[in-house]
Amino acid sequence: MPDSITIQIPGSTSNIGPGFDCLGIALALHNRLSVSRVGSQLSVDPPHAMLRESARLFFRRTNVPEFGFHWSVSGDVPISRGLGSSVTIRLGILAALNELSGKPLTRDGLFALCSEVEGHPDNAGPAAFGGFVLTDARGESFRFPVDERLKFVLLIPDMEVLTEHARRVLPPSISHRDAVLNIGNACAITAAFATGQYERMRECFGDSLHQPYRSHLVPGLFEIIEAGVNAGAIGGFLSGSGSTVCSLALADSAQAVADAMLRSWHGPAPAITRIVTADNEGARVIS
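Residue numbers (this note's numbering): 1 to 287.
Hints are computed from structural coordinates only; laboratory data are not their basis. The structure displayed is predicted, hence computed values, not measured ones. Hints may contain errors.
Said to hold, decoys possible - Computed spacing ranges between beta-carbons, pair by pair: (1) 158 x 74: 16 to 22 Å; (2) 183 x 102: 40 to 46 Å; (3) 173 x 65: 45 to 51 Å; (4) 40 x 138: 36 to 42 Å; (5) 49 x 74: 32 to 38 Å; (6) 232 x 49: 43 to 49 Å; (7) 147 x 52: 36 to 42 Å; (8) 183 x 220: 23 to 29 Å; (9) 180 x 138: 21 to 27 Å; (10) 199 x 68: 50 to 56 Å; (11) 270 x 72: 23 to 29 Å; (12) 137 x 45: 23 to 29 Å; (13) 103 x 145: 39 to 45 Å; (14) 119 x 74: 22 to 28 Å.
Glycine is no exception: its CB is placed at the ideal position from the N, C-alpha and C atoms.
Generate coordinates for the entire structure from the input sequences, incorporating the hints supplied.
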């Protein structure tokens, strides 16, 4: 067993419009977590409550004797922008401890443990498995690879949206009509990713569960999405709980979509755009 390890974990975009808390896609936007074993008692250097919580759960569930560790993180996934940054840290430490302990957990086990401690399987699934991932309330997951011709155009404002704040604005119930709309659209998106018929997702991103109630957290959300669609995007949505807005586009229109989205941004902070592909590998050891 090694004494140190570096894990690369992809960020992710989740919800994908109508697939609230169920759909997610791993992105070629990564964090790298390096972990070294230190001592024979649990200690986290530098101290970090999230990592200590994750480590305790790992040692308790696997019955591996506790040990301390030093950790560091680097990478491209911005914090609190709806791109799965907290999952990259939690899954990264779980995967690193697993490697340093002789791999008592499978990839499925790491996904389940990360989902439990994180509470967001729609981010944990893509980060663990890569590609497009559907998760359900049972903890089951279904994964499909994503073709590199599909691009993810990200408008990333320089402002944070905390998930707990974004959840407080959601209504306690919605109408039967709105529920049917969301179910149909989420099923159509899943079928498109399962078959690679991405163009058939046009007009399938309508949502009544969360985006209308969160739109004030990202000023001009629907105008940004519309600008991307008018420039050639297949569709667009709020990434996670924001503040990132994501449009899906084929390669030949991706730059025009990015330019249009950026022109339509008039929020209180600067924003940048990035065009990335999906990550089909998920979390993996890189050294």
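If any of the earlier hints don't hold here, list their numbers in rising order. Hints 5, 12 and 13 contradicted; others consistent.
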